[in-house]
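Trainee: Numbering that gives the first Met the number 0 numbers the first residue of the sequence shown as 0 and each following residue consecutively.
It should be emphasised that the hints constitute simulated quantities derived from the structure, not laboratory data. Keep in mind it's a predicted model, so treat the numbers as computed, not measured. Where is the CB? At the ideal position from N, CA and C, for every residue including glycine. It is possible that some hints are incorrect.
What the hints assert, rightly or not - Pairwise CB distance ranges (calculated): (1) G136 with E181: 36 to 42 Å; (2) G29 with H247: 47 to 53 Å; (3) E226 with K109: 41 to 47 Å; (4) N129 with R164: 21 to 27 Å; (5) E228 with Q11: 28 to 34 Å; (6) G223 with P135: 35 to 41 Å; (7) L157 with M0: 42 to 48 Å; (8) K44 with R15: 19 to 25 Å.
Claimed, not checked - Below 27 Å or equal to it, Euclidean Cα-Cα: the simulated DSSO-like pairs (lysine-lysine) are: (9) K195 with K245; (10) K202 with K113; (11) K44 with K58; (12) K49 with K112; (13) K20 with K109; (14) K220 with K195; (15) K17 with K49; (16) K220 with K243; (17) K243 with K17; (18) K195 with K58; (19) K220 with K202; (20) K195 with K246; (21) K20 with K58; (22) K17 with K58; (23) K195 with K109; (24) K112 with K243; (25) K49 with K20; (26) K195 with K243; (27) K246 with K202; (28) K44 with K20; (29) K12 with K49; (30) K17 with K44; (31) K44 with K12; (32) K49 with K109; (33) K243 with K114; (34) K245 with K220; (35) K220 with K246.
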Amino acid sequence: MFAEQRHQAIIQKINREKSIKASDLMELFGVSFETVRRDLEHLEKAGYLKRVHGGAILKEWDYSEEIPMTVREKAHLDGKNELSEIAARYVAEGQSIALDVSTTNTQFVKALKKKIERLTVITNSLPIANELVHMPGYTIILIGGVIRNEEQGMIGDLAEEFASRFHADLFFMSMSGVTLTEGVTDYGLGEVQMKKIMLRNAKRTIALADSSKFEAVSLIKVCGCAEIERFVTDSSIDPAIVDKYKKHGVEIVCQ
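Model the full assembly from the supplied sequences, consistent with the hints where possible.
Mentor: Rendered as structure tokens:
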């Protein structure tokens, strides 16, 4: 197994189990302790985990700070894939949808490609546009503006003016955190402003958030929970959270 394959397997394992032992990795991959040590050192430098005696633990992030996209795109991947399959059920042939910049929405369009043949997609995300550009039945409207390199998306006055022209049937909104009291929150003024425009212009809004995002608060408020038609997440969410939100009139779909 190549180093990159081991790294991917370690990332998925630690996201699921929260901690890993070096001895287990040696047995799993059939490699030496020194090889495992180098793998964990590499992944620690990349921000995926924190090394401890005998292994590693999942790195804890402050949700008020922006987590690098290179970390986010591989974090909670199983949850993102699961919720993407659920969310795809709400899209019909020939509809128009708006998608903001996020690793969750990038995974979501991979599920859409398998189920929907005709679609208009409005997005400020380069990865999403690249993912869909070869779909013959898809019309991709890529919002122009200043590219934010870290997120590979367009923001700024030009992007906001361009986005305000379009009124999608559905807006699939991503986020960094959500609570009943603070609502939907995210980091990055430019990204938050784009979300607000897409939310205001869309007929309906569905929020996509893996289970780690619930009961977390990020830097900037996007909207209240009441402005969202429903939240779609993965089956790992605590049932108590689903019940609590339901009592406040907030629907969470996880299956």
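Trainee: Now, for every hint given, state plainly whether the structure supports it.
Mentor: Going through the hints against the structure:
no., hint, in the structure
1, G136 with E181: 36 to 42 Å, "holds (39 Å)"
2, G29 with H247: 47 to 53 Å, "holds (51 Å)"
3, E226 with K109: 41 to 47 Å, "violated (27 Å)"
4, N129 with R164: 21 to 27 Å, "holds (23 Å)"
5, E228 with Q11: 28 to 34 Å, "holds (31 Å)"
6, G223 with P135: 35 to 41 Å, "holds (39 Å)"
7, L157 with M0: 42 to 48 Å, "holds (46 Å)"
8, K44 with R15: 19 to 25 Å, "holds (22 Å)"
9, K195 with K245, "holds (24 Å)"
10, K202 with K113, "holds (24 Å)"
11, K44 with K58, "holds (11 Å)"
12, K49 with K112, "violated (36 Å)"
13, K20 with K109, "violated (33 Å)"
14, K220 with K195, "holds (10 Å)"
15, K17 with K49, "holds (11 Å)"
16, K220 with K243, "holds (21 Å)"
17, K243 with K17, "holds (25 Å)"
18, K195 with K58, "violated (30 Å)"
19, K220 with K202, "holds (21 Å)"
20, K195 with K246, "holds (26 Å)"
21, K20 with K58, "holds (15 Å)"
22, K17 with K58, "holds (9 Å)"
23, K195 with K109, "holds (24 Å)"
24, K112 with K243, "violated (34 Å)"
25, K49 with K20, "holds (12 Å)"
26, K195 with K243, "holds (26 Å)"
27, K246 with K202, "holds (25 Å)"
28, K44 with K20, "holds (18 Å)"
29, K12 with K49, "holds (14 Å)"
30, K17 with K44, "holds (17 Å)"
31, K44 with K12, "holds (18 Å)"
32, K49 with K109, "violated (30 Å)"
33, K243 with K114, "violated (32 Å)"
34, K245 with K220, "holds (21 Å)"
35, K220 with K246, "holds (22 Å)"
Violated hints, in rising order: 3, 12, 13, 18, 24, 32, 33; the structure is consistent with all others.
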